[in-house]
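Visitor: Each chain, written out:
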Amino acid sequence: MSLTQNLSRGILRSPAVAALTSPHGVDRYLEIVNPMWAVNEVRARVVGVHQETGDVTTLTLHPTSTWRGFRAGQKVLLGVEIDGARRTRCFSISSAQTSTAENEGRDDFTITVRAHDEGLVSKHLAHRAEPGLVVHLSQAEGEFTLPANLPDRLLMISGGSGITPLMSMLRTLVENGYDGRVTFLHYSQSPEQTIFADELVEIAEGQDNIDLAVVHTRHGGARFSEERLKTLAPDYAAIDTFACGPVGLIEQVQEIYKDSNRLKVEYFKTSTISADPNDATGNVLFATSQKQAENTGGTLLEQAEALGLAPAFGCRMGICFTCTSRKTEGTIRNVVTGAESSLPDEDIQICVSTPVGDCAVAL
Amino acid sequence: MSEQTTLNKMGLTDKQLDGFGAELDAIRQRLISELGDEDATYIRGIVKAQRTIEIAGRALFYVPPAWPLAVAALSVSKILDNMEIGHNVMHGQYDWMGDPGLNSKMYEWDNVCPSDQWKYSHNYIHHTFTNILGKDRDIGYGVLRMDEDQKWRPYYLGNPVYALALMFMFEWGVMLHDLELERITAGERTWADTKHLHKGMLRKIRNQTFKDYVLFPALTGPLFVPTLAGNVTANLVRNVWAFGIIFCGHFPAGVATFSEEETENESRGQWYFRQVLGSANITGGKLFHTMTGNLSHQIEHHLFPDIPARRYPQIAGEVREICERYGLEYNTGPLAKQLGSVARKICRFALPDRKKSHRPSPVADVKVAA
Chain A
203 MSLTQNLSRG
213 ILRSPAVAAL
223 TSPHGVDRYL
233 EIVNPMWAVN
243 EVRARVVGVH
253 QETGDVTTLT
263 LHPTSTWRGF
273 RAGQKVLLGV
283 EIDGARRTRC
293 FSISSAQTST
303 AENEGRDDFT
313 ITVRAHDEGL
323 VSKHLAHRAE
333 PGLVVHLSQA
343 EGEFTLPANL
353 PDRLLMISGG
363 SGITPLMSML
373 RTLVENGYDG
383 RVTFLHYSQS
393 PEQTIFADEL
403 VEIAEGQDNI
413 DLAVVHTRHG
423 GARFSEERLK
433 TLAPDYAAID
443 TFACGPVGLI
453 EQVQEIYKDS
463 NRLKVEYFKT
473 STISADPNDA
483 TGNVLFATSQ
493 KQAENTGGTL
503 LEQAEALGLA
513 PAFGCRMGIC
523 FTCTSRKTEG
533 TIRNVVTGAE
543 SSLPDEDIQI
553 CVSTPVGDCA
563 VAL
Chain B
83 MSEQTTLNKM
93 GLTDKQLDGF
103 GAELDAIRQR
113 LISELGDEDA
123 TYIRGIVKAQ
133 RTIEIAGRAL
143 FYVPPAWPLA
153 VAALSVSKIL
163 DNMEIGHNVM
173 HGQYDWMGDP
183 GLNSKMYEWD
193 NVCPSDQWKY
203 SHNYIHHTFT
213 NILGKDRDIG
223 YGVLRMDEDQ
233 KWRPYYLGNP
243 VYALALMFMF
253 EWGVMLHDLE
263 LERITAGERT
273 WADTKHLHKG
283 MLRKIRNQTF
293 KDYVLFPALT
303 GPLFVPTLAG
313 NVTANLVRNV
323 WAFGIIFCGH
333 FPAGVATFSE
343 EETENESRGQ
353 WYFRQVLGSA
363 NITGGKLFHT
373 MTGNLSHQIE
383 HHLFPDIPAR
393 RYPQIAGEVR
403 EICERYGLEY
413 NTGPLAKQLG
423 SVARKICRFA
433 LPDRKKSHRP
443 SPVADVKVAA
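Residue numbers (our numbering), protein chains in the order written: chain A, 203 to 565; chain B, 83 to 452.
The shape of chain A in the complex, shown without the other chains (with noise of 0.2 Å):
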């Protein structure tokens, strides 16, 4: 970073500008100017829209000078403004991991994205998101990462889109020049759905050390078992093994490397299903102080209040925003309006919410 750009984020970033920007803070001045300029919050603009297949793109972002990098594997939660409102999800990044000292200045980043029926920010994302548009970020998160000290032989096993950061890991390998021996197992429905198809054979015939092997699981490819995990790598339970995809994937891999440290996983949740407004089922969960029952149809504050909580409340017909929690799974219904929501991290009024199935809420 120049010595321009080191002072002026000093300064901007000084009690004394605190003080004058107070109480909106300087990044409320600054958006107003441009929105890529920024001193705490990190933000970045889609600079690359890249159609991986049909229904999976690639973005390529430039964060603000704020974001902090990553590392290969990492996600990252993305807001973007729909309609007004600002939907935020997790992604994967999948590009390779770079050095932040030799990158100073160009540490753009690919998340990609595949557009699922119900997903209204992926669809978004997936298909009109071009050039110039602005979203936020946090900054990279999450323990799905290749470790510090590279070891002889890596595993890989991914489903569908669980692809991404492992092609992150795969990619940072590449380009590091990595000696040690690769194998990767991917599921996919068909080679048309494959993501990185030709970017896959491309490294598996330029690279000694890595070993493929893809599956179209439409296409007769048989689902992914021990058997086959044993003829790949017979040691497999010696082996420091990623694996991301589809809940039901990844639990069978779980199975057979039992508890083994030697496993790391992640995957994606797909959403519930909202159930029928009229039954009231599932559970409550309170997750800040552990509580959980059966739902009883109640509003979340009467079924928080019922569990011994005493969550802050003023008007209880949803008139003063007192009570505002975050919900953080599951489906609510709004007694006032009846409309339901199941959007995941919202901010609901508990006092004029009822569960509709299983939810969480951070109390």
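By construction, these hints were calculated from the structure, which means they are not laboratory data.
Every residue gets a Cβ at the ideal spot worked out from N, C-alpha and C, and that includes glycine.
Hints may be right or wrong, so weigh each one.
Derived CB-CB ranges, DEER-like [to be verified]:
1) A/A331 with B/L305: 57 to 63 Å
2) B/V307 with A/V219: 49 to 55 Å
3) B/R350 with A/D285: 24 to 30 Å
Which residues of chain A face chain B? A partial, calculated answer using Cβ under 10 Å [what the hints assert, rightly or not]:
4) V376
5) Y380
6) F515
7) R518
8) G540
Once you've looked at the hints, dock chain B against the given chain A.
Guide: Positioned in the frame of chain A, the structure of chain B alone reads:
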């Protein structure tokens, strides 16, 4: 049945009130389903305008001849920040946008009153118990006598003076509101009961006064005094404007107050009913409405406090039509008329009641005004 008596007082049957409530609920539902890009673009545009005007105002203090312009810009910036942005954002009107910068839990305004304390007394106490004597502390703010059912005491002879003082010191009044000093004086509350508020207040006072009265004046070097004077003036202008608009919202003649007994076990229709009769609008142009934070549509705001305020003018005609169909007075008028009415009330209630105190029903009260 005690509820029946209440209904008689309101002049509507149970069923009529339910119908009234259902019609308003339908408007609410429709508005919520329409929320989207337009509302987001609007509030972001206002925020951008406010920040730009603020920066311009601060910068103009470096140009001595532009002092009046600098003060005007900073005043407008503070008014927009407190009213169209702060008040409305803190009501949760834009929480659906998922933008931390426009979230009711996170927004802090350019005002000495800490936002969390204001949200309690305003969003909860005032908006839930609107115009219920003994519950809504916004009736007279614990300082003034604004209703004949507030028992007269010689202290209230100073009503007009207190009102003037509150007008100029409004942001401080709003901050001190949460201490409930009048209840401390009355021995109903102790100073220790307010301890949890002190830290937040002091921190906010420090930030606000340091910024406006030390740091920005100091940054203009030799122009320290004019800048300080300009910042003081801008805060005063905002105080006077906010006081005027807010007092026109609930205190013009004809606005009804309610007793705690009247409002026990209210239905949704009854609650809406009280919100309409307890509020008053101000007529004016588009810019005027924006500068009031659309609180010139106090009636619509009290019906739907969590719906983006830019929607109030859009539904005002419909709300008025519904109110008139159910025989409810829809109290509205130009700023001068509403302010005059408030001023007369402040002066009238300084003196003891001429007749023996008789509490008219809300409906009768309304008819006097009409």
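Visitor: Now look at each hint and say whether the structure bears it out.
Guide: The hints, checked one at a time:
| no. | hint | result |
| --- | --- | --- |
| 1 | A/A331 with B/L305: 57 to 63 Å | violated, 49 Å |
| 2 | B/V307 with A/V219: 49 to 55 Å | violated, 24 Å |
| 3 | B/R350 with A/D285: 24 to 30 Å | holds, 29 Å |
| 4 | V376 | violated, 38 Å |
| 5 | Y380 | violated, 40 Å |
| 6 | F515 | holds, 9 Å |
| 7 | R518 | holds, 9 Å |
| 8 | G540 | holds, 8 Å |
Of the numbered hints given earlier, the model fails hints 1, 2, 4, 5; all others are met.
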